[in-house]
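Asker: Going by the numbering used here, the first residue of the sequence shown is number 1, and it counts up by one from there.
Honestly, the hints are just simulated from the structure, not real lab data.
A few of these clues could be false.
What the hints assert, rightly or not - Now the in silico label distances, taken between C-beta atoms and shown as ranges:
#	residue 1	residue 2	range
1	210	93	41 to 47 Å
2	216	154	34 to 40 Å
3	230	104	20 to 26 Å
4	176	90	44 to 50 Å
5	33	132	16 to 22 Å
Keep in mind it's a predicted model, so treat the numbers as computed, not measured.
All residues carry an ideal CB built from backbone N, CA and C; glycine is no exception.
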Amino acid sequence: MTVVHGVDGCRKGWICVSLDLSTGELSAKVFKTAKALFKDSPGPIGIDIPIGLPDATSRKCDVAARRLLKKRGSSVFPVPMRAALNPKFTYKAACDANEKQCGKRLPQQSYAILPKIREVDKLLQKDANLRKRVYEVHPEVSFYYWNEEKPMEYAKKSGFGFLERYKLVTAQHGEKAVLKIRKEHKQSDVADDDILDAIAAAWTARRINFGEKKKKYKCIPEGVPERDEMGLPMQMLA
Numbered sequence: 001m002t003v004v005h006g007v008d009g010c011r012k013g014w015i016c017v018s019l020d021l022s023t024g025e026l027s028a029k030v031f032k033t034a035k036a037l038f039k040d041s042p043g044p045i046g047i048d049i050p051i052g053l054p055d056a057t058s059r060k061c062d063v064a065a066r067r068l069l070k071k072r073g074s075s076v077f078p079v080p081m082r083a084a085l086n087p088k089f090t091y092k093a094a095c096d097a098n099e100k101q102c103g104k105r106l107p108q109q110s111y112a113i114l115p116k117i118r119e120v121d122k123l124l125q126k127d128a129n130l131r132k133r134v135y136e137v138h139p140e141v142s143f144y145y146w147n148e149e150k151p152m153e154y155a156k157k158s159g160f161g162f163l164e165r166y167k168l169v170t171a172q173h174g175e176k177a178v179l180k181i182r183k184e185h186k187q188s189d190v191a192d193d194d195i196l197d198a199i200a201a202a203w204t205a206r207r208i209n210f211g212e213k214k215k216k217y218k219c220i221p222e223g224v225p226e227r228d229e230m231g232l233p234m235q236m237l238a
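Can you build the whole structure from these sequences, using the hints too?
Answerer: What follows is the structure, encoded as structure tokens:
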């Protein structure tokens with residue numbers, strides 16, 4: 001039995017949607033920490049969090065993803081410089097550190113996910129085996145390829161945006177599977193779009209599992225990935 005996983009951040013911590021490749025069945029769990037998630041989820045993991053942090057300029061993968069997504073490009077938040085990762089930093093201090101490195105301050109959205117970035121970064125630095133099976137994905141890029149290389153028409157937080165992503169997901173997995181996940185987790189813990197994003201990440205993890213030789217997944221950007229000062233790749237897969 002081969003199971004792959006798609007992960008998205010949520011209010012409770014992380015939602016992990018697992019896809020059993022032998023049956024096509026979806027299941028989901030919520031974890032408070034990435035450490036617990038990784039321990040409980042063997043196999044390929046596509047996670048919606050930056051992996052590999054720059055020290056001076058924007059990552060090439062973010063620039064390429066924004067170009068690919070066109071009007072949905074704003075969903076790719078600026079990734080903080082590694083210097084801004086200090087857990088003791090206030091928003092102002094993180095912005096100051098970021099600006100010193102690249103000349104740009106951090107938007108609130110990027111600052112809000114710093115704890116999650118820091119958590120995953122620390123785990124990947126320590127564990128070579130994790131680095132072999134945990135991959136950075138961006139749900140909008142996954143949806144782009146799932147949607148026959150067309151960006152989503154509407155923002156995901158809008159009603160129309162939710163529906164177009166929901167239709168794409170349920171066309172493959174059925175409404176029953178998605179509604180089951182929704183029923184099992186409180187709205188206060190996991191938002192509707194978190195579930196869809198995690199399923200999109202699992203869709204990419206499935207493609208990764210089939211392997212590069214079969215050309216089943218895309219690298220953003222293509223080619224050998226640039227790496228940060230810790231040796232972590234700065235590349236999205238889709």
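Asker: Now tell me if each hint is right for this structure.
Answerer: Hint by hint, here is what the structure shows:
1. 210 with 93: 41 to 47 Å: Check passed, 44 Å falls within 41 to 47 Å.
2. 216 with 154: 34 to 40 Å: violated, 28 Å
3. 230 with 104: 20 to 26 Å: holds, 21 Å
4. 176 with 90: 44 to 50 Å: holds, 46 Å
5. 33 with 132: 16 to 22 Å: At roughly 21 Å between Cβ atoms, residue 132 and residue 33 fall inside 16 to 22 Å, so the hint holds.
Of the numbered hints stated above, the single one contradicted by the structure is hint 2.
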